[in-house]
Amino acid sequence: MIPSIFAYFAPTSVAEAIGLLTQYGDEAKVLAGGHSLLPAMKLRLAAPGVLIDINKIAELRGVVINGQINIGALTTWHTIEHHVGLKGVCGVLPEAVAQIGDIQVRNRGTLGGALAHADPSADATAVVLALDAQIRTHGPNGERTIAASDFFTDMLSTALEPSELITAVICHKLGAGEGAAYVKFPHPASRYAIVGAAAYVKLSDGKISTCRVAVTGAGPVPTRQGDTEQAMLGSDGSAEAVAKAAKVSGATMDILGDIHASEDYRRAMVKVYTKRALTTAIARARG
Amino acid sequence: MTTISVTVNGKQYTHDVEPRTLLVHFLREQLNLTGTHIGCDTSQCGACVVHINGVSVKSCTTLAVQADGAQVTTIEGLADGATLHPLQEGFWEKHGLQCGYCTPGMIMAAADLLKNNPNPSDDEIRHGLEGNLCRCTGYENIVKAVRYAADKMSAASVS
Amino acid sequence: MTTEIKERIVGRSIKRREDPKLITGKGSYIDDIKLAGMLHVALVRSPYAHATITSIDARAALAMPGVVAVFTGADMLDINPLPCAWAAGRVKNNVNTPRALAVGTVRHVGEAVAMVLAEDRYIARDAADLVEVEYDALPVVVDAKKATEPGAPQLHENAPQNIVMEWDCGDKAKADAAFASAEVTVAEPIINQRLIPTPMETRGAITRYDEATGEFTVWMTSQAPHVMRLLLTAFVFGIPETKLRCISPNVGGGFGQKIFCYNDMAFTMWAARKLGRPVKFVEDRSENYKASTHGRDHITDAELAGTKDGRITGLRVKTYANLGGYLSTIAPGIPTTLYGRILSGVYKIPAAYCHVTGVYTNTAMVDAYRGAGRPEASYLIERMIDRYAGEIGMDPAEVRRKNFIQPEDFPYDNGLGMLPYDSGNYEPALDKALAMAGYADFRTAQAEARQNGTYLGLGISSYVEVCGVAPSAWVGLAGEGWGAGLFESANVRVHLTGKVAVTTGSLPHGQGLETTFAQVVADELGVPYDDVEIQWGDTQGTPFGYGTYGSRSLTVGGTAIKKSLDKIKEKAKKLAAHMLEANEADIVFEDGKAYVKGSPDKAKTIGEIALQASLAYSLPAGMEPFLDETSYYDPPNCTFPFGTHISIVEVDIETGRIALKRYIAVDDCGNQINPLIVQGQIHGGIVQGLAQALYERAVYDEDGQLLSGTLMDYAIPTAEMAPHIETAHTVTPSPVNPLGVKGAGEAGTIASAQCVMNAVIDALAPFGVKHMQMPATPERVWKAIHGA
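Protein chains in written order, with my numbering: chain A, 12 to 298; chain B, 15 to 173; chain C, 10 to 797.
With the rest of the complex left out, here is chain A (with noise of 0.2 angstroms):
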C-alpha cells in the first residue's frame, strides 16, 4: 500500500520532461495517469528511483479535430469519452474508451500512458492498431512518428527508447463507408480485457477494400489479426464471410492462459469478439 522512495519531477514542458528522462535513464519512470504505475508502487513491484509526473506539461492535453484527429497524450479518458466532435468522426475511440477501468480511473488514465505502458490486456492498444493511428513521440532527437502497427513489440514493450516521451496520437476521421468498433469480454476483477477486439472496415462498392482486426487481452502483444483482414477484403461483408474470416482470428498469435481463462478458451473468445466486432464495423460502414 506504500511506495518505495523516489525522487519526483515535474516537468512543465516536452523538452523540460525528456532532459530528465536523458538524465535518469533505466531509473526513471513517467507518471502520467498514474493508474497502472501506481498501484504496481504500492504493492513494490515497481520501484523507479525518479518520477517524472508530466501532467503539468499542458501542450500534452487535449483534443483536435481538422484535417485529421490529433489526441494529446496526456488527454483522459474521460476527455475523449465525452468528446462531442470525436463521436462523429471517430466513434470507436469513446466507444472503447467507455469501456476502460471506471469512472475514476477514466477521470486521470490517458492515452499516451495506456500505450507506453503496454499492457497486454488494455483497451486502446487494439483501437490504435485497428485505426493505423500514427503515434508522434519526442526524445533528445526529436520528433518522430511511429505507426501502431509498429509500435507494440513485445509484453509490456514498445518502440519508444527510454528517453522518448509519447506527445499525441493521430488518426484519420472515418467518413461514409467506413466503420469501426472495439468489443470487450471483461475480466471481471480488473476490468481489463480478457479478450478484446477492435474492427475497422472500408466499403467501396459494397465490397470490403480496407479491413483492419486488432486483438487484445489474449496474448503478451495486442496484436493485428492478418489472416482474417485477408480473409475479407474484397468480400460482400455478409455474416457468412464474416464468420469465415473470423475462425482464422488469432490462428498465429501467443495467446496466453491464466486462472480467469485458458489458453483455448482465450483462443475461442479471439473469433468470437473478432466476429462481433466486425460485424458492427461493417453495420456501422453501411450506415
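Calculated directly from the structure, the hints in this document are not laboratory data. A virtual CB, placed ideally from N, CA and C, is assigned to each residue, including glycine.
Interface residues of chain C toward chain A, partial, derived using beta-carbon atoms under 10 angstroms:
| # | residue |
| --- | --- |
| 1 | 295 |
| 2 | 706 |
| 3 | 716 |
| 4 | 725 |
A short list of chain B residues far from chain A (calculated; beta carbon distances all over 12 angstroms):
| # | residue |
| --- | --- |
| 5 | 29 |
| 6 | 46 |
| 7 | 85 |
| 8 | 98 |
| 9 | 107 |
| 10 | 133 |
| 11 | 136 |
| 12 | 158 |
| 13 | 165 |
Using the hints, position chains B and C against chain A.
The following block gives chains B and C in isolation, referenced to the frame of chain A:
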C-alpha cells in the same frame, strides 16, 4: 520533502510531504480527515474516492503532490453546513448503507456520476458505480439512494 | 401529561439511527484511531507456503532511522499460541493453532514471521523489506483430499495424514440400506470452492498498555470483543480478564472473518507492553487475502436415493473440509454442527448420513464465512434435488413440494442430530416465489426462446437454516464441542430523567442493531424512540456477550434485552403500586404507564416511576433503588428461518457468459422488527451467495501461492454484476423466543448460490449438462456447451 498547498473542503492547507505520500494518507494522517477510507491496494474498491477540482478520483492512486494547488472535496465537505447533500439524504432514507465503510467513496463517486448524468436509469447508476465495491448492501438500496438524490436534485433545479 | 396511546414502532421501516455519522464521514473505524506516541507495525510475511525458517537478520531494518524495534516469534515464547475454542464434539481432535508470529516453521503463504515497529507506517514498510529471512522450503499440499493421501507432505507432527478430525452424523446403516434398496440413485462430486470474505474494511488492532496498572486496552475490528478478552487473557497471556479492555469501534463489515482471535491482537499487546508505547497494526488488502480467514472449501461426494415418483429415501455425504495450515478459533465446528446436521434441508429424508474429514493444508485458515456451513449444506441438497428431479423427469418444484416437512411435523427432528426445527411452513413461500416468477408460463417461454437461440434457465432454491445457535448445554463442550456457551446479555437502565440506556453484548457492524433494538425497547417500555440509547462495543461497560454472527443478535441478544425490559416492568409495577397505594396484582403496565386496572387516568409514567426509583426516598420495603436490570439469555433452541428463492438467467452460448435476468426472494425470518433493515440484510446476503455461483474463488497453485491475492484477481461483484432483487416474505413466528424472530443476516447467502447454479444448469439442459462446479465462469459454461 516537498511543500504543497491544497484547498480541502474550502480550507487551505500548506504542508510538507514526501513525494510518495498518497493523497489518501495525506488527508487521513496529516489533515485528520478520516472519512475517506482505504479498502484495497489496487485501485478497485473506491472507498477512497474524493473530488479534485470537481472530478472524482481514487485518492489511493493519486500522490499528494499531484493535488498541489488543487481544490479537494471529501465526504466531510459535501454537506452544506447542517443540510445533508441529497445523496447523503438518499443513502439514509433508502438504507443505502450497512457497515458504512464504502459509503463515503460511494457517495463521492455517485456525485460525479450525477454531475455527468443528472437523470440516470437504474442500469446507468449501476454502470456508473463500477469503480466502487460494497460488500453489505447487494447494491439494491444504493441504486435507490442515488435515484432518490437524482430526483431530488432535478426537482430542485427545475423549481 | 399526554394520554394518547403511543404509536408502536416495532414492524415499521424506520431509517437507521446509525447513519448520520457514517454518511458524513464521521464514523470511527480502527484506522481512524490515533494515540499519542503510537508506533506502527509492518509485517514480514512468508513468501513460502511451507518452509523452515533458518535465519532472520533484522540489522539493516533496525539501522533505519525511525525504526524502534523488530521482533520475531522467538521473542514471544512467553505467550501461548492462539486458542481454538471449538473442538468438534465428541471426536478426537488434533489441534494446532498459530502463534503471534511464526516459530520455526511457516505453513502458508503470508504467515507473519517478524514485526517491525516504527514511528510511521511508511518507515515501517520500508524497514520490513530490509529484514532478511532465510527459509528451507518444504513440500506443499493445498488440496484437502490429497493432503490425506499416503505420502502427502505433513504439516503437524500430531496430525497424521494432516487429519484434524473424523466426524459423522446420522445413521450410516440405515442410509446404506436405503441406497441398497433404492429405485433411483444420483451421485455427484460437489466442490464448494474456497472464498475470501472481503469485508470492505480490512482487519487490525491497536493496543495501549498502562504500565502503572498492568492494564491493556485493545481496539480491534472484532465481531466479538468479549470473547477476544477471554481468549487473549485466559489462554494467550495468562493474565486476569480484568487486565484487558477490548473495544470494537465502528467495524467495516465482518461476515465472519472478524469473529476470530488473530495474531495481531496478541503481538500488538506483547509489543505495547514491551515498549511501553501504543502499537497499531492494520492490514493491507493483499495481507487480508493471504492471512485472514477464508471460507467454505469442501470437496464432497454426495448421493441421493429416491423413488421413481419423487419421494426421497436417502442421503449420503462424504466431505473433506479444508481448514488451512492451523485451526482458527471455531474452525472445526463449521463443517460439522453447522453443516452435517442440517444437510437434509427442508425435506423429510428418512435415512441420512454424513461423514466429514477436517484437514490441514498449506493455505490460509478457513473458518466461518457468512452462513458458515449452512450455505455448503443448502447448496448440496438443493443441487442434488434438481439432479434427482432431472433423473426421474419430474418438475423440480414438485419434487420439493412432495418432500417438504409439513407444518404439522414441527418441532421436527431431522435425524442428523440437529435440535428440532422450531416452526415452518415451506409451501406458501415456494408458491409465492413461483407466482412471482410466473413459473406456470416460464417453461413455454423457455422452449420458445430456445427455438430462437436464446437459452434461459430457472433455478429454485428452498432453504432452511439454523440461527441463534443454542442452548449452551447443547452447543458447549459437553455437546457439540464449543469451548463455551452461546448465551447473550443485556443491561437496561431507566435514568432519573426517563431516558433509557441499554448495553448489549452484541456487536453491530452493519446490521442496524441500534435501530432495531431501540424499536423493541421503545415499544416495550412505552417511551419515545429517541429516548433510548443502545450502547455496545466496549468490554468495560457492557455485560459479557458472545458477539454478533450466526444471525443471532436479534434472536438471542434482542431477547436478552426483552428479558431485562420484563424485569424493569415488573419492578415498575411494584413501585407504581406503592406510589398509587394499590395492590400490585391490580396494576397494569402498558404504553409506558402503570395504573390501577380500570383507572388509566391516574397513571404513573415510566419516567415518574424511574425518578421515584432513583431518588429512592419512598420505596416499598426491601426494594433496591433504580430501575436497572441485567439479563443473560440462553435460548432453549436454535431458530430455523426458511424460504424459497428463484432466479432466471440467460446464457450466451457463444461465450458462456451469464446474464442474471431476475432474482426473486421469498423469505420467512419470523416476525420483522424493521422490514427495511431485514430487506437490506437479505439483499446483501443474496449478492454474496450468488457471487460464489458466478464470480468468486480463491485459487492456490501447487506451490501454495495465492493466485487470487488482490481485488484485481478475486472478483467480488460490482453493482453491475449484481441483479435487481425482488423480495417478498411470509411470516411464521418462532416459538423459541418471545419476540417470535428467527434471524435474517445469513439467509440470503444460504439460499442464493444454488439458486443461480440450478438456473445455469437448467439453461444448459439442452446440451446434456447435469452438474457443474462453482463458480460457473464463462469458460466452464462454454466448455460444458462445447464439450471442450
